[in-house]
Amino acid sequence: MSLKHDIEFTLNGVKRRVTVDVTMTALAMLRDVIGLTGTKYGCGEGECGACTIQVDGMSLNSCLMFAVDCDGRNVTTIEGLANDSKADALREAFVEHGAVQCGFCTPGMIMQADHLVRNECCGDTESIKRGIEGNLCRCTGYKKIVDAIASVSGAQN
Amino acid sequence: MTELKHYFAPTSLDQAVECLKDGDVTILAGGTDLTPQSQAGRLKIKHTLMNIRHIPQLSGITLEGKEIRIGTLTTITEIMQHPLIRQHLPVLADACDHFASDQIRNAATLGGNICNASPAGDTLIPLLVLDASVELASMPEAKLYRHSMPLSTFFVGPGKTRRSLCELVTCIRIPLPAEGHVARFHKLGTRPALDISTISIGIAGTLKAGILSNVRVAFGAVAPTPVRASQTEKALEGQRLDAATIEKAAEVAHNEVKPIDDVRASAWYRKEMIHNITKRILSHVAQA
Numbered sequence: 001m002s003l004k005h006d007i008e009f010t011l012n013g014v015k016r017r018v019t020v021d022v023t024m025t026a027l028a029m030l031r032d033v034i035g036l037t038g039t040k041y042g043c044g045e046g047e048c049g050a051c052t053i054q055v056d057g058m059s060l061n062s063c064l065m066f067a068v069d070c071d072g073r074n075v076t077t078i079e080g081l082a083n084d085s086k087a088d089a090l091r092e093a094f095v096e097h098g099a100v101q102c103g104f105c106t107p108g109m110i111m112q113a114d115h116l117v118r119n120e121c122c123g124d125t126e127s128i129k130r131g132i133e134g135n136l137c138r139c140t141g142y143k144k145i146v147d148a149i150a151s152v153s154g155a156q157n
Numbered sequence: 158m159t160e161l162k163h164y165f166a167p168t169s170l171d172q173a174v175e176c177l178k179d180g181d182v183t184i185l186a187g188g189t190d191l192t193p194q195s196q197a198g199r200l201k202i203k204h205t206l207m208n209i210r211h212i213p214q215l216s217g218i219t220l221e222g223k224e225i226r227i228g229t230l231t232t233i234t235e236i237m238q239h240p241l242i243r244q245h246l247p248v249l250a251d252a253c254d255h256f257a258s259d260q261i262r263n264a265a266t267l268g269g270n271i272c273n274a275s276p277a278g279d280t281l282i283p284l285l286v287l288d289a290s291v292e293l294a295s296m297p298e299a300k301l302y303r304h305s306m307p308l309s310t311f312f313v314g315p316g317k318t319r320r321s322l323c324e325l326v327t328c329i330r331i332p333l334p335a336e337g338h339v340a341r342f343h344k345l346g347t348r349p350a351l352d353i354s355t356i357s358i359g360i361a362g363t364l365k366a367g368i369l370s371n372v373r374v375a376f377g378a379v380a381p382t383p384v385r386a387s388q389t390e391k392a393l394e395g396q397r398l399d400a401a402t403i404e405k406a407a408e409v410a411h412n413e414v415k416p417i418d419d420v421r422a423s424a425w426y427r428k429e430m431i432h433n434i435t436k437r438i439l440s441h442v443a444q445a
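Going down the list, the protein sequences come from chains A and B.
Going by my numbering, the first sequence opens with residue 1, and the numbers climb by one from there.
Going by my numbering, the second sequence opens with residue 158, and the numbers climb by one from there.
Chain A on its own, in the form it takes in the complex (with noise of 0.2 Å):
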């Protein structure tokens, strides 16, 4: 039997106790425990950025995080954006410059994207580019997706 841990945090503006596998990722809880599957597996050793989800107002894998380190604390997914106005900007961007094409990558650029854009971290898009270095975009659509962000944030050339 492997050791469980009940644990309590903030999902998405809400409170919510689960009990949880201490050697579980935050990743695994999410998509297996909880049943948000908007957040991705992809390489499952924090090189994609697939599973960004944001923790505390900073951006992270949840990959690399265990579950039992959510306690306490406040925890944003995809799932989260959808009634945010901040965010939807950046939805119909991506929508609007065809920055979506197999859309594997697209929540986690999402998380990713809105953690830079509520920071004033993407002035330029050399600052964009910087900032999405931790997620990959297997069908490469790098540009659209750097043009994308930049209609939000203002960001110039």
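Possibly wrong hints are sitting among the right ones.
Computed far set for chain B versus chain A, every beta-carbon distance over 10 Å [to be verified]:
(1) Glu-175
(2) Arg-210
(3) Asn-371
(4) Val-409
(5) Val-420
(6) Ala-424
(7) Lys-428
Partial list, derived from the structure: chain A residues whose beta carbon lies under 7 Å from chain B [what the hints assert, rightly or not]:
(8) His-5
(9) Val-14
(10) Val-22
(11) Tyr-41
(12) Glu-45
(13) Gly-46
(14) Ser-59
(15) Asn-61
(16) Leu-64
(17) Val-68
(18) Gly-134
Only pairs whose alpha carbons sit at most 30 Å apart, straight line, appear in this in silico DSSO-like list of lysine-lysine [as the list claims (entries may be wrong)]:
(19) A:Lys-4 x B:Lys-405
(20) B:Lys-178 x B:Lys-203
(21) A:Lys-15 x B:Lys-162
(22) B:Lys-415 x B:Lys-317
(23) A:Lys-4 x B:Lys-178
(24) A:Lys-4 x B:Lys-203
(25) B:Lys-300 x B:Lys-162
(26) B:Lys-428 x A:Lys-4
(27) B:Lys-162 x B:Lys-178
(28) B:Lys-178 x B:Lys-201
(29) B:Lys-391 x B:Lys-405
(30) B:Lys-162 x B:Lys-223
(31) B:Lys-203 x B:Lys-317
(32) B:Lys-428 x B:Lys-405
(33) B:Lys-162 x B:Lys-201
Honestly, the hints are just simulated from the structure, not real lab data.
Model, not experiment: these values are computed from the prediction.
For each residue, glycine too, the CB sits at the ideal point set by N, CA and C.
Dock chain B against chain A, hints included.
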């Protein structure tokens, strides 16, 4: 070694070191190394998994007298953006800027990077040339005991350090650099982000009237641990930083390192790059 039986998230340093007394504890901080290592089965979690996140005195960056103290839980992003680091230790901020990706920098901690003891650890090279020391806490009797050791003596092999199983790294202390301080870091890899160094180089010293002194040179990914390069340091100490000194130092560096062939590069290539980049960094310092 026993199976994982206990999860513990202490809220004070005393509780944490008390828990470490029996030594059968895996410490969780940012989790960016521990998670993939344990998920892939490369590392087995011990009897107790102790999450140190909720211990307030382990975070933050402060100026204490003539030292900068960086709490073990401070994230790479926090270091990179902190005004004290940018003002006094820009070489450390620069190395943090080359560290993995934004998501990993937001989670990974300085103490974690040190205790993971990778020969290629990005913060370790600048910390070595900044003469950093590691503070460790334990509870041998009923009282908290702290001691420090120079970071240059802390590493003993890949993933291995002189931290005993009963000890917790609480902070890193870095002396404020003297007037005329110069320091540079260079990480060589195949892509700018999320890369493990092929080699990395740090050089620091005091430059006055063209003469370099208090020289410290460190190399990453050329030995089982990050290493100080004493022969290269000797070749530079007290010398005028002219073309002849720079070429001599680059040659000494080339001969001093004993890298291995692995998936990232051959030993031959690593030695060539140590030579070329040592030369490049010193030339930049001389021209600055």
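Right, here's what the structure says about each hint:
With a minimum CB-CB distance of about 20 Å to chain A, Glu-175 of chain B clears the 10 Å threshold, and the non-interface call stands. For Arg-210 of chain B, the requirement that its beta carbon stay farther than 10 Å from each beta carbon of chain A is not met, with the minimum near 6 Å. Non-interface call for Asn-371 of chain B relative to chain A: holds, since the shortest CB-CB distance, roughly 33 Å, exceeds 10 Å. Even its closest Cβ contact with chain A, about 35 Å, leaves Val-409 of chain B beyond 10 Å, as expected for a residue assigned away from the interface.
With 10 Å as the threshold on Cβ separation, the claim that Val-420 of chain B sits away from chain A holds: the shortest Cβ distance comes to roughly 15 Å. At roughly 26 Å, the least C-beta separation between Ala-424 of chain B and chain A is larger than 10 Å, which holds for a residue marked as non-interface. The beta carbon of Lys-428 of chain B sits about 29 Å from the closest Cβ of chain A, which is more than 10 Å, so the claim that it is off the interface holds. Because the smallest distance between the Cβ of His-5 of chain A and any Cβ of chain B comes to about 5 Å, under 7 Å, the interface hint for this residue holds.
For Val-14 of chain A, the interface hint is violated, since its Cβ never comes within 7 Å of a Cβ in chain B; the closest pair sits about 22 Å apart. The restraint placing Val-22 of chain A at the interface with chain B holds, with a minimum CB-CB distance near 5 Å, inside the 7 Å limit. At about 11 Å, the closest approach between the beta carbon of Tyr-41 of chain A and any beta carbon in chain B exceeds 7 Å, and the interface hint on this residue is violated. The restraint placing Glu-45 of chain A at the interface with chain B holds, with a minimum CB-CB distance near 4 Å, inside the 7 Å limit.
Because the closest C-beta pair between Gly-46 of chain A and chain B is about 6 Å apart, less than 7 Å, the hint holds. Annotation: Ser-59 of chain A was flagged as interfacial toward chain B, and the flag holds, the nearest CB pair being 5 Å apart, inside 7 Å. Among the interface hints, the one on Asn-61 of chain A holds; its C-beta lies about 5 Å from the nearest C-beta in chain B, closer than the 7 Å criterion. Proximity of Leu-64 of chain A to chain B holds as hinted, the smallest CB-CB distance being about 5 Å (cut-off 7 Å).
A least Cβ separation of about 6 Å between Val-68 of chain A and chain B falls short of the 7 Å threshold, and the interface hint therefore holds. Interface hint at Gly-134 of chain A: satisfied, since its Cβ lies 3 Å from the closest Cβ of chain B, which is below the 7 Å cut-off. A threshold of 30 Å between alpha carbons decides the hint, and for Lys-4 of chain A with Lys-405 of chain B the separation of about 60 Å lies outside it, so the pair is violated. For a cut-off of 30 Å, the pair hint linking Lys-178 of chain B to Lys-203 of chain B stands: about 14 Å separates their Cα positions.
A hinted pair counts as satisfied when its Cα atoms are at most 30 Å apart, and Lys-15 of chain A with Lys-162 of chain B qualifies at roughly 27 Å. With a C-alpha separation of about 19 Å, the suggested pairing of Lys-415 of chain B with Lys-317 of chain B holds against the 30 Å cut-off. Pair hint Lys-4 of chain A plus Lys-178 of chain B holds up; C-alpha atoms about 23 Å apart against a cutoff of 30 Å. Annotation: proposed proximity of Lys-4 of chain A to Lys-203 of chain B holds, straight-line Cα distance about 15 Å (limit 30 Å).
The straight-line distance between the Cα atoms of Lys-300 of chain B and Lys-162 of chain B is roughly 26 Å, inside the 30 Å bound, and the hint therefore holds. Among the hinted pairs, Lys-428 of chain B with Lys-4 of chain A is inconsistent with the structure: their alpha-carbon atoms are about 49 Å apart, more than 30 Å. With a C-alpha separation of about 16 Å, the suggested pairing of Lys-162 of chain B with Lys-178 of chain B holds against the 30 Å cut-off. Using a Cα cut-off of 30 Å, the hinted pair Lys-178 of chain B and Lys-201 of chain B holds, with the two alpha carbons roughly 19 Å apart.
Of the pairs offered as hints, the one joining Lys-391 of chain B and Lys-405 of chain B holds, with about 11 Å between alpha carbons and a cut-off of 30 Å not exceeded. As the CA atoms of Lys-162 of chain B and Lys-223 of chain B are separated by approximately 44 Å, the hinted pair breaks the 30 Å bound. Of the supplied pair hints, the one linking Lys-203 of chain B and Lys-317 of chain B holds, its CA atoms being roughly 16 Å apart against a limit of 30 Å. Between Lys-428 of chain B and Lys-405 of chain B the CA atoms are separated by roughly 15 Å; this keeps the pair inside 30 Å, and the hint holds.
With a C-alpha separation of about 12 Å, the suggested pair Lys-162 of chain B and Lys-201 of chain B falls inside the 30 Å cut-off, and the hint holds.
Checked against the numbered hints above, the structure violates hints 2, 9, 11, 19, 26, 30; every other hint is satisfied.
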